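Undergrad: As a plain string of letters, each chain reads:
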Amino acid sequence: MKRWIGLLLVLLCLAGGMAVFPAFAAEWTPVDSFLIGVVNHMTGPLALTGELRKRGHELAAEEVNSSGGVAGLPIKLVYEDDQGTNPGAVAGTRKLLAQQPVVAFIIERSTMVNAVHPIIQQEKVPTLFGATAWSISSELKNPWFFRMRVDDRATAAIMAKFLVEELKKTKVAALYAADVFGEGGNKETAAYLKEKYNLTPVNSQKYTSGTKDYTAQLLAIKSSGADAIYAWGTNSEDNAIILRQFKQLGLNMDFIGSAAYASAISLDLAGDNANGIYSVYDFAFEDTRPQLQAWIKAYRAKYKEDPDFWNLYTYDIVKLVADAAKRAGIVRKEGDRFVQMPLPEARAALAKALRETKGFAGAQGDYSADEYQNMIHNLAVVKIDNRKAKMVKVIKLK
Amino acid sequence: MVKRLVYVGVLLLLIALPLAVTSKYLIQLINTALVFLIIVTGMNYVIGFSGQISLAATAFWGIGAYTSALLTTTGGISFWLALPVAATFATLSGFVIGFPTLKLKQFYLGIATVGFGEIVALILLNWTALTNGADGVPGIPKPAIGSYVFDTDYRFYHILLVAAVLLLLLSVRIKNSRFGRGLLAICEDELAAEVMGVPTHWYKMMAFALSAFYGGAAGSLYGHLIGFISPDLFVFRQSIVFLCMFMIGGSGYIAGPVIGAILLTLLPEWMRFLKGYYMAIYGLAVVVLAIGMPTGIMGLAERYLPRLYPWLEPDAEAPATLAQGRAEEA
Amino acid sequence: MAEIIQLTVSGVAMGVIYALAALSIALIYTAGGVVNFCQGGLVMLGGYFAFTVLTAWRLPYPLALVVMMAIMGGIGLVFQRLVYYPLRYAHRLMFIIAGIGMSVFLENIVQIVWGPAPLVVRPMLTMSTLNIGGVFLEPQAVAIVVVTGAILLFEHYFLRHTMVGKMTQAVAQDKDAASLMGINVGRMIAITFLNSTILAGIAGVLIAPVFYVSVGIGSILLKAFSACVVGGFGNASGTILGGLIVGLTEAFGARYFSPQYRDAWSFVLLIVFLLFRPQGIFRERISEKA
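Residue numbers (this note's numbering), protein chains in the order written: chain A, 1 to 398; chain B, 1 to 330; chain C, 1 to 290.
Heads up, a few of these hints could be off.
[To be verified] Pairwise CB distance ranges (calculated):
1. G359(A) <-> V268(C): 49 to 59 Å
2. Y256(C) <-> N198(A): 27 to 37 Å
3. L397(A) <-> S128(C): 36 to 46 Å
4. V113(C) <-> P143(A): 38 to 48 Å
5. V113(C) <-> N386(A): 41 to 51 Å
6. K141(A) <-> M1(B): 26 to 36 Å
7. A20(B) <-> E139(A): 33 to 43 Å
8. E62(A) <-> Y277(B): 20 to 30 Å
9. K166(C) <-> M293(B): 49 to 59 Å
Just so you know, the hints here were simulated from the structure itself, not pulled from any lab data. No experiment lies behind these values; they were computed from the predicted model shown. All C-beta atoms, glycine included, are put in the ideal place defined by N, C-alpha and C.
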């Protein structure tokens, strides 16, 4: 009995210690920073990309703050770990939203977005993410979601178009990972090929992420007479092994991969095996867009490495939020202190401003919200030459 | 008599708990802990009472979750029907794995259950036509009674509380039944039990089926609690987590799974401040606990808190001898 | 036809790796009576140390291997003393849990020490892929087979023809009788752990150039178990055969049956063998412990 009471007391203390009554005052409240909440992969198998994303956020926050923040108020990023799992993301999101009066929220990964969707609907926080699964737009239709990378449907269209119209290949084979990204991407690419060009892949190979040997899949593709492969996979080791075996087994055909194939990590691992392949990537280093070049320069200066798409859209997210917050007039200066709209109003105003975004000049491109609240509409096709991604063309979708 | 009153009092307090918990974060954690509590209690039948090594808990959890999710989303069936169907289906799969493994001993059985779990995980991921593959199943509806919808964590808590309490009570009854004692006998010495007339094969299979029932029920509840399930939940790693909850709480004790589940759900949250180090410390803690505290927390309670212990372990008799076992002689 | 040979080649290469890991598991099982769930983590650790020794310190391969063996052997001794020894009379499940906990610990420690990015290790032979009549052979795959073959010969010699080896076998057969015969059981078990960990480390070194070093290497554990069960625990040749069978079945199964269920094959084999022939193909020379 004492044990149960003791446990109960502990739980109550926990509740007392952890419960935060959100500052839901009806007036404008004094604040000392503009809070953006981030649920990021800090531990677990995705920790690597989590670190890269964080760099993007921090670089942007630094720049925004040094040029006046939001109407003078500095931005502050608050992080919670999702441990790389969906339950972790749900717990982290709940914790963050219960304890921190954040105006905007950032999350990642299509399955995590799906998992926190009901929470976001309840809490009504504008949520920005890079997850690219098309089903988020078509199925969830959450008015608080804003996507900051080009979705898989558009990417697939570019991939398919490039294969058929530029590389002039018609006998294509698919090689994709058995996860949301891989399956979604493959589905969209195959659908586009069918609809626009009446083509079906001559062979389709699926693999579970973490597979160490792709001989079976690659041999199947080789003997199917395909003259090009399109590949969807996010895991850099998988990609590197695929490319190595692709070269080793003497597959003499074109290869176009999703963004991860051209990321710095994958290129590091794949080495010379990546030379000659194409990839639909978020940006090209040679693109003369001034904001992009400025970002590349700043990133190199700060981190002494080449940036990646992981750092790009996350950088733009923070910048866009700052810009939208300014437009929404969420923060005011009163005398020598700052006051912010009451939280529910602030969130609604920010969401409205995000929806009304037209032509915000971010590093990757110009951000404008479309009817699905997808914000960015350009991509690049790159070719790997001497271990570096070289621009082939930059494509504007709208 | 006093004991009964105390238990009822505790129950009333638990029912009133949502009034005290204001943080949505905390109540969601408690709900998750309750789901895990059910699964880990189910593990007690197989590992705790009968001493078999099984790491298949996640597979049953997954089967239950998907069955219930698919029945309510594409099937349009009500939660109240889907839950028992899911649990039953999971139970059947428990029989399926229980039957062929009857002859297997010790860690061979353990590996077989791991293999079973992996196959289930692969099927959930790749049988896209049925399970929607990697995309998972979104939009799992919340249960409702008439117009009262359990759409907040606070409301759902009561469903989980009822389920957890009922299933715990069931485990108490079973432990003290002929079946339960038979399981304990099997744990001590299977051959001797057989000789004494315990139908060991049938009982072992029943133990598996029971643990699958619990897992399946928990799966259904979890799916409806969160509203979204995907195959990346039901991986081997999760079985490890459940096993740790089970062993740390104390194998064979009724309250063991309760303590283990609650502790290991809340603990990682408290440890969030450790950032990158927290998983490493978690792993190390598991090793240390396995070496230093093999009987789990309940084992310690039994040894060092003899006056408190009977309150925790209803109708306390000789507990399962799993952790106190000597090495098996060849 | 070339395709079948190619698949065989890749199946054998993978199979030999599984065999190495399986052997390291089997050694501990027969000598200590427990299954080390940490073996995958040890292979992974071997890979990471390989990176340090080969890429960071830039040692030549032969010297690197010796250093690796020393490091891994030390770890094995520590592991045996701190984890196995206290648990030697406890229920088997405890050791399994400790092994799993250790594995989780290792997976996270390596990320902290070496960083989360996957690492590149240079292969043993710096030749490019060989093309023999339409069949492509990766030099590292050849190196793996050759080195593993050498190790297995060594193990065979060690276990059957040296005093120490025979003593470890005696302990595996019957601890009490061995101790009555004057054998220091504790030391023999320590040596077995040493042996097993070194094998795991070498497996890590061999596969690091092929797989890139990351925590994913640990997933080899379950396949190694399958290899053990298929081949039989008590016998080195058994585990090799088991590994080869698993590797080949995977390769051909993925090609001709279903690519995404590739990983399922090792489990299917596992379950089938457990149901119908749990002693494996080669019956144990030592009577079953379970």
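Undergrad: None of the hints should be skipped; say for each whether it holds.
TA: Hint check:
no., hint, in the structure
1, G359(A) <-> V268(C): 49 to 59 Å, "56 Å, holds"
2, Y256(C) <-> N198(A): 27 to 37 Å, "29 Å, holds"
3, L397(A) <-> S128(C): 36 to 46 Å, "41 Å, holds"
4, V113(C) <-> P143(A): 38 to 48 Å, "45 Å, holds"
5, V113(C) <-> N386(A): 41 to 51 Å, "32 Å, violated"
6, K141(A) <-> M1(B): 26 to 36 Å, "58 Å, violated"
7, A20(B) <-> E139(A): 33 to 43 Å, "37 Å, holds"
8, E62(A) <-> Y277(B): 20 to 30 Å, "26 Å, holds"
9, K166(C) <-> M293(B): 49 to 59 Å, "38 Å, violated"
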